[in-house]
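Put together the whole structure using the sequences plus the hints.
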Amino acid sequence: MLEIKDIHSYYGSSYILQGVSLKIKRSEVVSLVGRNGAGKTTTLKSIMGIVRPAQGSVKFKGAEICGLKPYQIARLGLGYVPEDRRIYPNLTLKENLEVAQIKLGSSKTKWNFEKVYQFFPQLKALGEGRLGSNMSGGEQQMLTIARTLMGNPEFILLDEPSEGLAPLVVSALADAVNEIKVEGVSILLSEQNMKFATKTTTKSYVIDGGKISFEGTIEDLMKNEELVKEHITL
Amino acid sequence: MDPGILLIDLLNGLSRGMLYFLMASGLNLVFSVLGIINFAHGSLIMLGAYFTWTLLQVIGGDWSFIVIIILSGGIVGVIGILIEIFFVRRIYESEHLYQLLLTFALIMIIDGLVLEIWGGQPRSMLLPRYFLGAVSIAGRPFPKYSLFILFGSIAIAILVWLFLYRTKFGKASRAAAADVEITSALGINVPYVYCGMFAIGVALAGFSGGLGLAMSSITPGMGAHIAVTCFAVIVIGGLGSLTGTLIAALILGIFEAFGDHYFPQVAMALPFIIMALILLARPQGLLGRNE
Ligand SMILES: Nc1ncnc2c1ncn2[C@@H]1O[C@H](COP(=O)(O)OP(=O)(O)OP(=O)(O)O)[C@@H](O)[C@H]1O
Ligand SMILES: [Mg+2]
Numbered sequence: 000m001l002e003i004k005d006i007h008s009y010y011g012s013s014y015i016l017q018g019v020s021l022k023i024k025r026s027e028v029v030s031l032v033g034r035n036g037a038g039k040t041t042t043l044k045s046i047m048g049i050v051r052p053a054q055g056s057v058k059f060k061g062a063e064i065c066g067l068k069p070y071q072i073a074r075l076g077l078g079y080v081p082e083d084r085r086i087y088p089n090l091t092l093k094e095n096l097e098v099a100q101i102k103l104g105s106s107k108t109k110w111n112f113e114k115v116y117q118f119f120p121q122l123k124a125l126g127e128g129r130l131g132s133n134m135s136g137g138e139q140q141m142l143t144i145a146r147t148l149m150g151n152p153e154f155i156l157l158d159e160p161s162e163g164l165a166p167l168v169v170s171a172l173a174d175a176v177n178e179i180k181v182e183g184v185s186i187l188l189s190e191q192n193m194k195f196a197t198k199t200t201t202k203s204y205v206i207d208g209g210k211i212s213f214e215g216t217i218e219d220l221m222k223n224e225e226l227v228k229e230h231i232t233l
Numbered sequence: 000m001d002p003g004i005l006l007i008d009l010l011n012g013l014s015r016g017m018l019y020f021l022m023a024s025g026l027n028l029v030f031s032v033l034g035i036i037n038f039a040h041g042s043l044i045m046l047g048a049y050f051t052w053t054l055l056q057v058i059g060g061d062w063s064f065i066v067i068i069i070l071s072g073g074i075v076g077v078i079g080i081l082i083e084i085f086f087v088r089r090i091y092e093s094e095h096l097y098q099l100l101l102t103f104a105l106i107m108i109i110d111g112l113v114l115e116i117w118g119g120q121p122r123s124m125l126l127p128r129y130f131l132g133a134v135s136i137a138g139r140p141f142p143k144y145s146l147f148i149l150f151g152s153i154a155i156a157i158l159v160w161l162f163l164y165r166t167k168f169g170k171a172s173r174a175a176a177a178d179v180e181i182t183s184a185l186g187i188n189v190p191y192v193y194c195g196m197f198a199i200g201v202a203l204a205g206f207s208g209g210l211g212l213a214m215s216s217i218t219p220g221m222g223a224h225i226a227v228t229c230f231a232v233i234v235i236g237g238l239g240s241l242t243g244t245l246i247a248a249l250i251l252g253i254f255e256a257f258g259d260h261y262f263p264q265v266a267m268a269l270p271f272i273i274m275a276l277i278l279l280a281r282p283q284g285l286l287g288r289n290e
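From first to last, the protein sequence lines stand for chains A and B. The opening position of the first sequence corresponds to residue 0 in numbering that gives the first Met the number 0, with each subsequent residue numbered one higher. The opening position of the second sequence corresponds to residue 0 in numbering that gives the first Met the number 0, with each subsequent residue numbered one higher.
These are computed hints drawn from the structure, not numbers from a lab. All of these numbers come straight from a predicted model, not from anything done at the bench. The C-beta atom is built at its ideal place from N, Cα and C for all residues, glycine as well. Don't take every hint at face value.
Unchecked claim - 20 angstroms max Cα-Cα, derived PhoX-like pairs, lysine-lysine: (1) A:Lys68 with A:Lys24; (2) A:Lys93 with B:Lys143; (3) A:Lys198 with A:Lys24; (4) A:Lys58 with A:Lys22; (5) B:Lys167 with A:Lys102; (6) A:Lys194 with A:Lys222.
Said to hold, decoys possible - Just so you have them, the derived chain A footprint on chain B, three or more residues with Cβ under 8 angstroms: (7) 18 to 29; (8) 178 to 192.
If you want it as structure tokens, here you go:
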């Protein structure tokens, strides 16, 4: 469903992604793990068109999307959940969701307010008029995910959702991710928290210094103590 | 003091203040969404006044007046779309210096064209008959046209508010103002939002020019003077805050109205005195965010 072949990305003159290739099939949930600065976010941004790779190919549902604008990519069914919970602080909870709504014609439209609130009852409890700035970290993280779901994505790029959240909230988020998976949405999850990655994904890539250094099942990764020690903080 | 006179002064101040709000709101909207300070905003206000003047000559008639003002705003808005597509679009990513150079160049182009088309002599508008004269409020005369400006501006302010808070386009533009990258990744065509927002800001300028300058005579160089007042208003209110712009505009209008009446010798300097005092106490403006 999503196939990335040998992408190279730069920020100005710093060479960040040095040939990254990934392949995620429909309904698969795959994690991209690596420590701070390894290039996880840059990989997701390169897929989304926020960072334009200098070289390489990104194919989504068989079509080349490398070079398209982020809004065009989003409308093709690729959703992006940024790191650091970038909700709109100046918009209400409802407006945050509304802005992201992409209507696809009734048969294809899976997510609406009702369904999203059913998914995240905590959000509904806050009230639709609540300002984005007036929410806890966990609530904001749920809102970023709910917001992306409003665009009816078939595939979600999820960037470090567990970062800086309390264990209880992290575990609730893992449940939510697993439920999204059940809905048939594929996910590429960037993570440093191995517990979260193990709970939600089966296949994993390890990224280090802008290169993929491991590809395989999570079990195999966890067995490889050396790799885990070197690249991942538990 | 006579309460009737106080009331008239207050109404005068509110009428002026609402007009200042209308004139400055487009400037602030464009700044908060696009991050562009449009120095040509005052010239576009002036342009709206000239279009109104010409349309009044061509179409004339008493009852078409309101339609003509709206039409002038629309024409200036369309010019805004062209300015955005051909010029402004190219400098979003550039340094601020380029914004200054570009919008300053626009002032010279617009002022030059106005001089070429309408000539240098002052033009004054023929107000419709029903706007001439005064109504009696608390036994005192109050110009009918000032009352029209007051209610007209309030109506437009409500429309702007409804647009920003009740339409998807308005919400998307507030979202883009907060975070362009995310807004784009959520499927919103941000360049389209920018173009629309620039057009709306500029249309507000044109509209406020037609509405507000109908009472005075218009001259080709007046845009720069109006721009200074608009900048004073948005700086006092806080860059990016429309509520701040409203409060600042009303404060300025009311102080000016009372100033004209009681301290005519300092009335001209009043906006700057107020601006200096408020900025001394709050450098980011009344409702501006602390950077
Ligand atoms: N806007 C930028 N300009 C220049 N360099 C950047 C920029 N953003 C990230 N980098 C650099 O690119 C490298 C990869 O960053 P990236 O954000 O992709 O890492 P990450 O794996 O997501 O890390 P984290 O776990 O901290 O989020 C880092 O060395 C970082 O310093
Ligand atoms: Mg990151």
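These are the hints, each one checked on the structure:
1. A:Lys68 with A:Lys24: violated (23 angstroms)
2. A:Lys93 with B:Lys143: Status violated; Cα separation ~43 angstroms.
3. A:Lys198 with A:Lys24: With Cα atoms ~19 angstroms apart, Lys198 of chain A and Lys24 of chain A stay inside 20 angstroms; holds.
4. A:Lys58 with A:Lys22: Answer holds: Lys58 of chain A to Lys22 of chain A is near 10 angstroms, not above 20 angstroms.
5. B:Lys167 with A:Lys102: Holds, because 13 angstroms separates the two Cα atoms, which is no more than 20 angstroms.
6. A:Lys194 with A:Lys222: The hint holds at about 14 angstroms.
7. 18 to 29: Since 0 is below three, the answer is violated.
8. 178 to 192: holds (count 11)
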